[in-house]
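Chain order of the listed sequences is G and R. Residue numbers 1 to 553, in the numbering used here, belong to the letters of the first sequence in order. Residue numbers 1 to 553, in the numbering used here, belong to the letters of the second sequence in order.
None of these hints come from the bench; they were simulated from the model. Treat the numbers as computed from the prediction; the structure is a model and nothing was measured. No residue lacks a Cβ here, since even glycine has one placed at the ideal position from N, Cα and C. Hints should not be assumed to be uniformly reliable.
Which stretches of chain G does chain R cover? Using the computed rule of at least three CB atoms under 8 Å from a CB of chain R, they are [claimed, not checked]: (1) 53 to 66; (2) 232 to 245; (3) 308 to 315.
A few chain G residues that face chain R, going by a derived Cβ cut-off under 10 Å, partial list only [unchecked claim]: (4) Arg13; (5) Ala39; (6) Ser211; (7) Lys252; (8) Leu508.
Chain R residues, not near chain G, derived (Cβ > 10 Å throughout) [stated by the list, open to error]: (9) Val146; (10) Ala150; (11) Pro315; (12) Ala340; (13) Pro354; (14) Ala371; (15) Asn461; (16) Gly540.
Spelled out, the chains give:
Protein chains: 2
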Amino acid sequence: MDRKRIIDVAAGREKADVVIKNTTVVDVLGGSLIKGDVAVCGDKFAGVGSYSGVTEIDGTGRYVMPSFYDAHLHFESVMVRPSEYLKISVPKGVTAYNADPHEIANVCGEKGIRFMLDDVRGIPADIRFMMPSCVPAAPEDHSGCVLGAADVKRIADSCGLFGLGEMMNFPGVVGCDPDVLAKLDVRPVIDGHAPGVSGNPLNAYIAAGVSTDHECESVEEALEKVSKGMYVLIREGSQTRNLRTLIKAVNKTNLRRFLFCTDDRNIEDLVGLGTIGNAVRLAVECGMDPIDAITIASLNANEAYGIKNTGAVAPGWTADFLVCADITAQRVEKVFYHGALVAENGQPLFSVSPADVSGVTGTVHIKPVTAKDMTFPFDPARPVMRVFPGTVVTEAVKADGPEGLNLMCCIERHDASGDIGHCYVDGFRLRGGAVAQTVGHDSHNITVLGDNPEDMALAVNSLGSDGGLVVVKNGRLIGKLPLEIAGLMSSAPASEALAAREKLTEALAEMDYNRDIEPFMLLSFLTLIVIPDVKLNHKGLFSVSKWDYLYRG
Amino acid sequence: MDRKRIIDVAAGREKADVVIKNTTVVDVLGGSLIKGDVAVCGDKFAGVGSYSGVTEIDGTGRYVMPSFYDAHLHFESVMVRPSEYLKISVPKGVTAYNADPHEIANVCGEKGIRFMLDDVRGIPADIRFMMPSCVPAAPEDHSGCVLGAADVKRIADSCGLFGLGEMMNFPGVVGCDPDVLAKLDVRPVIDGHAPGVSGNPLNAYIAAGVSTDHECESVEEALEKVSKGMYVLIREGSQTRNLRTLIKAVNKTNLRRFLFCTDDRNIEDLVGLGTIGNAVRLAVECGMDPIDAITIASLNANEAYGIKNTGAVAPGWTADFLVCADITAQRVEKVFYHGALVAENGQPLFSVSPADVSGVTGTVHIKPVTAKDMTFPFDPARPVMRVFPGTVVTEAVKADGPEGLNLMCCIERHDASGDIGHCYVDGFRLRGGAVAQTVGHDSHNITVLGDNPEDMALAVNSLGSDGGLVVVKNGRLIGKLPLEIAGLMSSAPASEALAAREKLTEALAEMDYNRDIEPFMLLSFLTLIVIPDVKLNHKGLFSVSKWDYLYRG
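Bound-form chain G, shown alone (with noise of 0.2 Å):
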């Protein structure tokens, strides 16, 4: 920092870089809002004062307050590039992000992770990689390879990445499996997920160094969170949205433990309603202080994970910031970050450079799938897995027949295995076809999901060695986001996969399915056997609750 120039510039005594003219500072520190000009030098701010600048912008009628931290979350979920999720995301906002890479990490390991990092380089934002910790999510899974402590450390080093990504095997950290221990080695900083975990198994975890939490599902869930030294992140992703909810739990004297994260969104949620941004305009819709939603939005988050001088607009502190039309920021008219203009009305001022996609192609490895494969006789003594709108979570039920229920499998894709698991489904209802996808949280086998087994066949073949999401009506492919990175992401640019995106939504809109639910994104996460209660992945039905199979098959 070049300290004498700050110095002279807060002083008034030289020019300012940029000066944010008569405008209105949205004070997180002391919870107030500040009237004057909002002067920068370098990357950081020099003050809010009476500042002239050598570019000075009329910030009159305008918010200015800092940008916004997702705590949270996997590009991948998107189903773009990173580099193509930040064209969208840092224009409204958000200039700061802990990523997981977890998904592409389970099909291509190090050189999943190697690519996001090449993806996003030089991209005005903080982009914190995490290590993913659990690859597979839990020794049950076959997922594209395996990190073990050793290989966690040795990429985490290698790549320089943050911190360590959320821990998902909580039985394995309250069990004291050494491979897990050693992995929470790797870093200080420690991103949790622990559903539902409480009590005397919460304080294990907690004591092992895990200090976040983004699976609450409820008030009481997030308060002893709070109290037992986590940082709770109110999520509010595509599938699972947790803020109306979370939200309740916050109060002026807790608040500055909550964080928001988005964790999975998809992208017509991210380019329609934004993210972060989104979760203060809910938040405040649920009667919350502008000041504090935007608050736990950027201060909240740097504090949690130890980052110096961030968050707030005020002297010496790094100068990432927004100029708003209003005050929960949901007409973003201009993003700074360390100081430079880096978008305005919506659109990113800044060039990507896209990293090369041949490694982390052709990643989906099964053999051709027959309409055999795709039955599994119906057992009443076996049970049924129930799924339900807004939520990953589940239920086994039993149920008399298969009238009414779906047939879902699980096929392994990355090595050829053969090996498919199989159960009913109860609550998606589709009829007449068979919907089939790469994208299966966290080991990315291919989902396939329908009411017969010859459209259920035919999706999974369609799918191809790059791997999607197809839709089959009738013996007929209707539609087919190509996902070419890792059979998660497109590697086209996002305008042309959110197109490729609503074709398949139009797609999808000629099957005949409950409407209440978004089927590829919640079939995404039904084999998903670190979130409660049963899930299926590629040997048969697995339940959270009891951590074993259900049954094989």
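Position chain R against the provided structure of chain G, taking the given hints into account.
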């Protein structure tokens, strides 16, 4: 950290080392009271829940809370060595200190700092010594040594000091004095000292990297400093008592930006009232929620200084805590530091190893003074220093004659230069004698005040080569507190020093003076030319606001 063991304990599979059973936890993270057993494993909390331990302590009717942090103090002010200070303050619940050995550094330089470090070695508390940044406080002063930027860096590095102590030279910071700026490079943690500074100059001071302030005198000043990114230390010293004013600046929104400190406490207050626990009690008396007050006293300071996972009772957090009979910590029954019981019922359970004093005694070097040296013709054109109860801020006033005033002299005592500054003082109303002392912030020259030159000369000459505080009445030395260590601290045990101090107070009681002031404490600040508005040094009367002498002589 033995991660496996703490997990086993937290999970309840293994006995904790210590459990406080059936107690009430003051939860500063969630802002609530929680009933349960507090389990300790090694130096950390395993959790609050249902636990059994090797040692079990009944916590029924008791409150368990994080121990306290004094965010800024000078041990020297209490006039006993730091090990004696800590034997009193640790049992009162303060286990963390940011101590600036600024006073002894002004007398003895690096040797003095090392004495302080040596004296506290092995004491069970986090004693973070700051590197004195302003020795002398201003270039106009004559102290025992001059520490330039190179010295500051060398000493801070070789002594492993935590941060840069209060940067009092705000004109030097705001004016970009190269040596001052070079000092700011020494440590990222920089404590401030900017009484009354606001607006653009305050922006400049903060932009330079200063992150705290303990000199606020008004709510408005505190709020401006908080909004500009400072942590505001609410000071409740012995002479400067800002709590009742500043506590009004604290609300639920900005609470996290406030800390408590004592800065300067005398031994009577240390023993009688305590320090940070006293601030908690006063804050509650002023209407603050006890949990909020304890949050300021514990969590906030740890956050402000980047001390991770300390300052709350939560799994994996450092087990520095108190067992109290009341929620405002007035009856501290047990003090635990890093999981070990270190004090009980007001008594330390630890021993100390006082450092050798031989290098820091015999520090008073003056030419013997005569009554003639202690005379100064009254000139109505020269301003008079007006002092007030309860503050060390002074004013320059006019007076028609010397009636009702006292003469004060500041005698350089490090190099026997013979320099003596003189001024008249309004507000002491001392009659028939003199007081003199070698404690005089920050250069610790001799300050003497009286109503006749003979008594003043006797007082000065009675200080001896070791220095101390003396009282002379009508030609007779009636009280003396020897302060062998740098002329600032007694080398006697605290109980003896307190007894000697009480004798001195008795001697003082024989004197006729304004009873609303504490003469020795106030006198010790009347030479501090970084506190407004007029102060006396060895050269003459200095205006802090004009940053120049009003006259020399």
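Comparing the hints with the structure gives:
| no. | hint | verdict |
| --- | --- | --- |
| 1 | 53 to 66 | violated (count 0) |
| 2 | 232 to 245 | violated (count 0) |
| 3 | 308 to 315 | holds (count 5) |
| 4 | Arg13 | holds, 9 Å |
| 5 | Ala39 | holds, 8 Å |
| 6 | Ser211 | holds, 8 Å |
| 7 | Lys252 | holds, 4 Å |
| 8 | Leu508 | violated, 43 Å |
| 9 | Val146 | holds, 22 Å |
| 10 | Ala150 | holds, 17 Å |
| 11 | Pro315 | violated, 4 Å |
| 12 | Ala340 | holds, 18 Å |
| 13 | Pro354 | holds, 37 Å |
| 14 | Ala371 | holds, 48 Å |
| 15 | Asn461 | holds, 47 Å |
| 16 | Gly540 | holds, 29 Å |
Checked against the numbered hints above, the structure violates hints 1, 2, 8, 11; every other hint is satisfied.
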